[in-house]
Amino acid sequence: MSTELTESAVPPPTEHSAAPSRRTFIATTTAVGGAVVAGGLMTGPAALAAETGAAEAPPSSRVSLTVNGKRHALTVDNRTSLLDLLREHLDLPGSKKGCNAGACGACTVLVDGRRVNSCLTLAVRLEGAEVTTVEGLADGDGLHPLQQAFIEQDAFQCGYCTPGQIMSGVGCIQEGHTGSADEIREWMSGNICRCGCYVKIVRAVEQTAHGK
Amino acid sequence: MSPQPQAAVGAPLTRVDGRLKVTGKATYAAEHDIEGVVHAVIVDSTIGRGRITGIDTRAALAQPGVIKVISHLNAPRLVYRGNPESIDPPGNKQLRIFQDDKVLFHGQPVAVVVATTLETAQHAASLVKVRYDATKSSTDMASAPAGEPVNYARGDADKAFASAAVRLDVTYQQPRAHHNAMEPHATIARWDGDKLTLWDKTQWPVGTQKDVAAQFGIPNDSVRIIAPFVGGGFGSAIRAWPHIATAAIAARETGRPVKLVLSRKQMYFGTGYRPAYEYRVRLGSDRRGRVSAMVQHLKSETSTYENFTEGVLHAGQMVYNAPNVRQDYRTVPLDVNTPVWMRGPGFATAAFAVESAMDELAHKLGIDPIELRLRNEPEEDPSNGLPFSTRRLRECLATGAREFGWSRRNPKPRSTRDGDWLIGTGMAIGIMDVPRMPAQARVRLDADGTALVEAATSDMGPGTYTSQAQVAADALGLTMRNVTFRLGDSTMPPTPPHGGSMTMAMVGSAVQDGCDTVRKQAIKLAVEDERSPLYGADAGNVVVRGGRLHVKDNPARGETYGQLLTRNNRTHLEVLGSYTPGETRFSMYSYSVTFAEVAVDARLGLVRVRRMLGVYDAGRIISPKLADSQALGGQVGGIGAALLEHTVTDHRDGRIVNADLANYMVPVNADIPDLRAIFLDGGDDRKADPIGVKGLGEVVHIGVAPAIANAVFHATGRRVRELPITVEALL
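Taken in sequence, the protein lines are chains D and A. Residue -7 is where the first sequence starts when you use the numbering used here, and the numbers rise one by one after that. Residue -16 is where the second sequence starts when you use the numbering used here, and the numbers rise one by one after that.
Think of the hints as simulated: they come from the structure by calculation, not from any bench. Be careful, since some hints might not be right.
[Unchecked claim] Ranges between beta-carbon positions, derived for each pair:
| id | chain 1 | residue 1 | chain 2 | residue 2 | range |
| --- | --- | --- | --- | --- | --- |
| 1 | A | G176 | D | R63 | 38 to 48 Å |
| 2 | A | R702 | D | D174 | 23 to 33 Å |
| 3 | A | A653 | D | N70 | 33 to 43 Å |
| 4 | A | A42 | D | S56 | 31 to 41 Å |
| 5 | A | A42 | D | D83 | 27 to 37 Å |
| 6 | A | S109 | D | R63 | 27 to 37 Å |
Heads up, the beta-carbon is just placed ideally off N, CA and C, and yes, glycines get one too.
Using the sequences and the accompanying hints, generate a full structural model.
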């Protein structure tokens, strides 16, 4: 058993060691600012074919979009959701995957100022879009007032739904759905918090909306 | 020793990790940036029982980017030597991943696809064609045979019941429920030679480490678990479920770091759940409400390969002072995956049955439900004769009744209306035992006046980072700013599972011990150091405040840790603190009373919770702001259990039909009114542990569902004995 383990734990085949990591990909994006290929696809069909014996890469498309003020021109797998683009390719895991089916709201981001479930949004349809994630909400070291209110009201426990709650709360406030606690509850009900922090989420949104 | 001034403990502080969480910078299991990581997706069985007769991987392997498909046909044979410290059901009978062709339940992992991108792995997993020889699966507890019972008896309960003046014989049904923490279970596995690192969602890094080492037959210290943030658990992340070994197998077989994230659907059969129960209660009492007999028959589901049981019998034995009690508890093996503890494990289940039955008895007798409880309140634990470490249920009841306005209640059911809505109030007691396990914590005080405290515990949400730092700050006499608490790494000192409400009490006691020792070492160094202003002072009369040691009644005479350590050429002081539970002669439980007001639409049967109050005897409250959040969260979970949550199985093939967050309903914001929590003052229970904490996370959830069910009865006059209480039950 232990022999088997040692043998099978040898370093990976070399053709992939040349593949760029997510970090080098990001660096490339920053440096060039032009057309690069997202994630593992940049290994190219040739490298993949050498390993699997397969021929064609999956259909992909070019898209350019702005995320948190930074422009990205990318070639993405057509199947890639905005959420997976953010989490797996752009090194922005602040947006969370809770259900990947639009039922929990953990993936909520702003697209052109509107709150959307990024897990249900294909990246390829976001040509020219402006995306704001929780990582882009603070102004340098200064937290967005809703982020600050979440801390003060203790509006989270595990924190996993929190980025989605905050982005949804920003949307809720911008939409003006903060006339009463009941209205906030209604308009924040697309975001599940399993730790059960709803009472304090409502207080945090109220505090921010009314500048308390 | 002079007691240290209390500054941080008991202060309503905000979370020390709050900024990380609100900026998206807290790193959960799937978010660690591991160089060269590839993606794995599990293929689940589509039959409920049988054998795999063939697996066609050609279409999957033809996808560009697919690296490997692993199944029992090509997986390595694992060792499964058993982990003697495991908290799994006994017998080392866990599901053995990819070790043979047997399918034991619908959704069992039968293969895993590894590919360079997530999209490719997901698509390729859908292309794996598995052929089965399916046999009929058995998933319905009502029609399957039960095993041998676990029994408890005192007095002669059957005889006492037969001769009781007032008798109640009722059966309660509770459904299977899933934790559904927001973060899906996820593991990144990387082998470096024969060393395995797992970035994993776990409530017990050291437990997962030893379980995985046992599965692979390698030394414990060849496995390292890293879990700095856990996106909720509620019990689901307390065992090392099969996907963890799957990720490790995939990483070993491909020579790559592998990321494996369960889909929401896969969490319904890839991790555990609260088992379904049938709980029959027979209560006998005299006409004044003195309960003379409690006969209880319990039945719960388990898997065919492991016998899962939990602490479901305590409540029926010791909440009330009945002289005659008999219980039998059977499990029913089904073609399902194994259940696991879920918030308030066993105790929440028992509370629904026992507290509903007490409410029924109160109604039958025409006695107020609170008064009925007071008439049956024991002076010592009736199950073992032990004195209680603390039991302040009478205070909980009195405080709750006053704050909730119980005296305004018209006892007659269906007597209060608000337009179309029938209004009702109800209450229920919750208890949770205080399990005790050893814990350790390393404390390092540096010459710059900062301290680092480490323990291999978790923070799935209660605020371990913050509350442990509060304990350390006071014990060391430092400000919170100068104390850092780290957790979530199996190389740190071992702790109990982050569950059973043990973390604050056990880890906190170890932190207290380590910090006390460091402080005493520093004081000793000072009073024996001729160059110290504290030279010759009575060590027992020196306290530390804001990092400065001084004589208690003469603050001018003293110096800082930094001055002391630097002058003595010490870079730091370091100690391994520990907590080891000794023999106890006390019965130790946390207690709660939950009050609920509901409105039920008279024509539509809709139930809305209008307000709720919990009163808690949970021992000392270290971090009141965070405790308040935890209590309200427990109430929200209870609203879910009472009104919404129910895992539904199609018994034709064992498929779970609502394995998602749209059809398995959990409370959303609009379901939750203002909630309130009260912690009894002066809660220290030093008989329970050195820092006087009994535990909070479970007891705040226990008793919520029956309080709501009792309120629904009061509102409507309809007694619903099956959870969740749906519209259909009230039409």
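Hints and how they fare:
1. In this structure the supplied range 38 to 48 Å holds for G176 of chain A paired with R63 of chain D, their Cβ-Cβ distance being about 42 Å.
2. Distance hint for R702 of chain A and D174 of chain D: a CB-CB separation of about 31 Å, consistent with the stated range 23 to 33 Å.
3. As the Cβ distance of A653 of chain A to N70 of chain D is approximately 36 Å, the hint placing it in 33 to 43 Å holds.
4. Under the hint 31 to 41 Å, the C-beta atoms of A42 of chain A and S56 of chain D, about 34 Å apart, fit the expected range.
5. Our hint of 27 to 37 Å for A42 of chain A and D83 of chain D holds, since their Cβ atoms are close to 32 Å apart.
6. Our hint of 27 to 37 Å for S109 of chain A and R63 of chain D holds, since their Cβ atoms are close to 34 Å apart.
Of the numbered hints given earlier, the model fails none.
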